[in-house]
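So the sequence lines, in the order shown, correspond to chains Z and D. The letter at position 114 of the first sequence is residue 114 when you use the numbering used here, and the numbering goes up by one with no holes. The letter at position 387 of the second sequence is residue 1099 when you use the numbering used here, and the numbering goes up by one with no holes.
Bear in mind the hints are in silico, worked out from the structure with no lab data behind them.
Some but not every residue of chain D turned toward chain Z, in silico, with C-beta under 10 Å: (1) Glu1037; (2) Ala1356; (3) Pro1367.
Just so you have them, the derived chain Z footprint on chain D, three or more residues with Cβ under 8 Å: (4) 888-896; (5) 1000-1006.
Beta carbons: idealized from backbone N, C-alpha and C, even for Gly.
There are 2 protein chains.
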Amino acid sequence: VSPQMTRPALDLSRLLHPSGIAVVEASADPSTMAGKPLWALVHFGYAGAVYPIHPDLKELLGLTCYSSVAEVPQPCDVALVATEPGSVPGIIADCGGAGIPFAVILTAGFGESDEAGGDLQREIAAVASAHGVRVLGPNCQGLLNARDNVYAGFSGIFDNPGLRAGPAAMVMQSGFGFALAGAAEQAGMGFSYMVSVGNEADLTAVDVLEFVLEDREIELACVYLEGVSDGDRLRDLGKRALEIAKPVLVWKIGTTTAGQRAAASHTGRLTTRNDLYRAAFREGGFIEVTDLQEMIDIAQAFRMQRLPEGRSVGVVTVTGGAGVELADRCEDRGLSLAELSGSTVERLQRLHPGVLADPGNPLDVTSTSLREPGLYRGAIDLVLADHRIDQVIACNGGIQGEIAAPATLDLVAAAGPSPKPVLVCWTPRAGSSDDSLRTLEQHKIPCYATPARVATAAAALAGFAGKLARGPIDRSPTRAVDRRRLGPLPEEGVLCEHLSGQVLAAYGIPVARGHLLPGDEVVGLRESPLPFPVAVKVDSPDVAHATEAGLVRLGIRSLDELRRASLELLDAARALGLNVHGVLVQEMTEGIEMIAGTVVDACFGPAVVLGLGGIFTEAVGEVTHQFAPFDREAARRMCDDLRAGSILRGIRGGPPADLDALADALSRLSWLAVDHLDRLAEIDVNPLFVRQQGRGVLAADASVVVRRGAME
Amino acid sequence: VSPQMTRPALDLSRLLHPSGIAVVEASADPSTMAGKPLWALVHFGYAGAVYPIHPDLKELLGLTCYSSVAEVPQPCDVALVATEPGSVPGIIADCGGAGIPFAVILTAGFGESDEAGGDLQREIAAVASAHGVRVLGPNCQGLLNARDNVYAGFSGIFDNPGLRAGPAAMVMQSGFGFALAGAAEQAGMGFSYMVSVGNEADLTAVDVLEFVLEDREIELACVYLEGVSDGDRLRDLGKRALEIAKPVLVWKIGTTTAGQRAAASHTGRLTTRNDLYRAAFREGGFIEVTDLQEMIDIAQAFRMQRLPEGRSVGVVTVTGGAGVELADRCEDRGLSLAELSGSTVERLQRLHPGVLADPGNPLDVTSTSLREPGLYRGAIDLVLADHRIDQVIACNGGIQGEIAAPATLDLVAAAGPSPKPVLVCWTPRAGSSDDSLRTLEQHKIPCYATPARVATAAAALAGFAGKLARGPIDRSPTRAVDRRRLGPLPEEGVLCEHLSGQVLAAYGIPVARGHLLPGDEVVGLRESPLPFPVAVKVDSPDVAHATEAGLVRLGIRSLDELRRASLELLDAARALGLNVHGVLVQEMTEGIEMIAGTVVDACFGPAVVLGLGGIFTEAVGEVTHQFAPFDREAARRMCDDLRAGSILRGIRGGPPADLDALADALSRLSWLAVDHLDRLAEIDVNPLFVRQQGRGVLAADASVVVRRGAME
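Turn these sequences into a full structure, and let the hints steer you where they fit.
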């Protein structure tokens, strides 16, 4: 797929850069929903035409009024609508008639309020589609184009003329996003566009993001996200962001709802939707943020338009304590302070044998030595030039006054010719070094007050660069396995373990050998169906995991024991009133217990989940997701994503586990989920034993949930 | 111990509130180390006497000069010293002669630079002690008392007159602390004292903290900490902080491997395991912070002088999106949004049946409804009054202008009579609602720009309140076990597993039954010394953990197998050139594998460590420490501290583990470590099997390291 192919077909130019705007139910009172934008459009420098719509008035704020949208002359690209909900569909139809391509519906009282509102919202979508009008909202707070002073909305920020425009765009689903964007603007971040999409009756946050990301002057987009309805579109956007190397900072809310907690309390159901968002963010050009300062700080770093090649950082500091703190905060964020190369060490020693007698990373040049001409610049130059160093953090501590200005010039001079990012950690007192701060800003060298903040920004650069280097995931992988029929499945419900194992086996996923022993054959059993030791489990469609129900006996070593255990289990199951097929006699195995499974998400479709299995699934609470289908390489990435993946790579004298076999099984699982999407609601293998390298994997307890669907 | 008993004996009043200050090697040039404080003391409103010391000049900045400290008249409480290092001991002796009780040594070039500097630093300590002078520094940046305009130091902040004084104090080991304190002051935090302790030749950060914490007007202390040399003193301070309910915000640097490496090269301080600092912080009145904003935000919350009773938060918001975001951030930080009680729900519905038809937590009153008189105040009142709610976060979103002022008054009126904390999340644009922000400040209601920040502050309040409620740990617990002799131990080194087990057994810690089989008895073995199944391990003083070395066979079930495995292991061990005592035949057991052990830290003394065992120790990477000795209750707290502790409490259908037995074993381990502190360098039990409730624990692999020490 060529980059051109994925560019958005949707042209929102006239929405974001309207030549004329009609304001429906306009008012001269700037405290009303429609009065506020009218006031701002008239007074804050908008160069296009403004058409107040009012049933009675002839004139408002010196502008000619029109009695309805239908009468508005051209050019008019946007109708801003703040009337009562019931009138909105008619106004949208009028827009179509008048050739107004976009309506921005500020009015609330639609899908977010009640059922009738939901109906009205669907009507809006239908009318808009029928009349060729694209709709932003309803229940949105409008849009603001700070480049062209398009103030087409009503939140607090619309009271302020002369907002800083800049190379960022912000798209938000919740109105709270405007409060955040406003605070970010005030803190120095320049937004060309801020767009609130509200209920997304028509245009979605992803639509708007896709469009603004292609804007030449936009270097970075931010999105305040509640959720999307089409996970594939979000993944497309993430892929596109990587293709054009523009990061999308995503502030996702709703990451820890009570419902997710409830789901997590049941082992094996750790697959909450938010994990899937995380998976989408991880594979694409997204950077997740959870706070305003973080968003601003990361955006500042990307202003440099430089990316590091790897995760190593060189720290040059004027105070040793800050060097330690920077080392901590970098390591916290997965960055490393690489050892300087031998030649850099030698050159530093030659640069100043006194101060730099034993140069390391962090490199402390001391604040008093800042008075030595050439020292600071030389030190930064040398560290930047070291091939082991991917980016540099220069810490000026709390210096200010006469010592600050030359240090800043040194810093800028050193940073200038390098292709590597240079970030500054500096906390001068306001007013003490404003010229220096301006100098840094002019050179787009970002400056942060604390080690934590600068390290967060540096890590975001490294993370994005890593994604660019790795490239987007292959979304059309080669098949790991041909499509297979699954044989007859019950209409719906949880399959018993025996049948669940057959589903996995059909896709070549190794399953522990098992023999289903009907209940009435137990007493007369003359020989174990499998060599000892064996496990015995109740096989019942009513029990997803026999272990959790306590209906399992492990390590059985004699026929007597087998008979006794089987009878006990059958009794226990009958006492619980379960439907029982019999007992499953299963080979015992060992290895590292993992959990692997599939989920089918309404928004993202099928995905595979992987985590530590057995009792550790919940206690460790770490799982990773990958969208299906995927190949072995992507499966290996899943293992790398898990912190617990170190167990698989072999620790405490243990041999490495069979990662190849695990990757193969995961990839097969992904194809199984995709091929039988209409029937397989969920698969849960826990434990999946991962044995030593070369010995493969073995599913020891599987549970498949089928749902009504097309016939096989 | 009565609270009075632990109050510091050290009186630093004259250091922090000096009646007169001598400035050694004074200069009229404010850019020099001694010239800067002289300038500031003369010009920034210090009311005490200032005595410039200069060998030649008669007068400096209009003040009479003295040729040496010995000539300075009274009152003089502090000598500020910035001369070359070699002259410092003599000046300190002169201070003693002149009756000057404190010397503040700004000069660098002591312990932090080289061996000669270290000797000179020890000389300073000796001279100070001999002459009755207490010393701050050397290599410190001085102290600043903003109440009395005592500018006795030289970092950037000393250039600024009229610093805000306030109920906080900051003590710092690294000069970078001044940069941070300065930035915090500028952001609205008032410090009465900022003290840099430098190399701590005499006075330490803990000395200063202990003193300032008792100051009536100090409500909270901050410390920028590299490390302490006396862990017990730090623990005492933490205990005292809880007794007088004043939090100590601790910003500890060197918390990661990279940071510790950097710290080791930057300071001569002991790099104690950070886990032990964490343990000290956790048990005492400390709150750990890692960034400036966090420090400021938490300090703001404590200004209210209100603490919540539990961890539940009520959120009242004017924007639904912010409510979700607040719920996320609260949950991230271990706070819960409790369900409102039925009566609160009813009252809210009665308050406004339209807006509050279905009230929940977060409670969205919507920004347009802020215009409804009484609604906002009533909603906050009711949520605050709910017994399920411990504190309230009120979110004003981005509202500003005319709507903001009455909302703020409502908020203040509701918060006023309640004993519960009320925190505000609000991002008005600068200049748009300054009166309202001032109103909040006057009422000490803290206001934060984002959900993450307000949640961090609320969590800090809840955490501190929880510690107050739980009280300090019992540092003189009842003995779990009498002091026992350990029998003959080798001079030093790692004990073989057999002997290690005996050490544990002596203190009543259950050890897996084992039989040491000499190598020459293996071939002729006629009977297993223990019932099958058994494990066999090489028993060698050269192998701390046989498992890690691969010298173990598990699940042996026959005499043949036992002989074969033993011979193979002995061959393997001989091939590795190990000293071998024989093979240890051990009973097999099962249960949850934990790691338990002891360490002896130069700074904190003996401590016990607990974590998940086996392959999970490293992969999960979560351990907790407790200082020895301790009782079972403190041991139970260790289990609670572990996230993986949920495994012990029983998950995935598993029965709960024997927590009582585990707590007992940990407490015994703590006594073992304390009683034999002079010989036992380290104990490592991995795995310690924790079996089902009632079945106890069993140490299956232990390794004890002894060192030279007093004879038993």
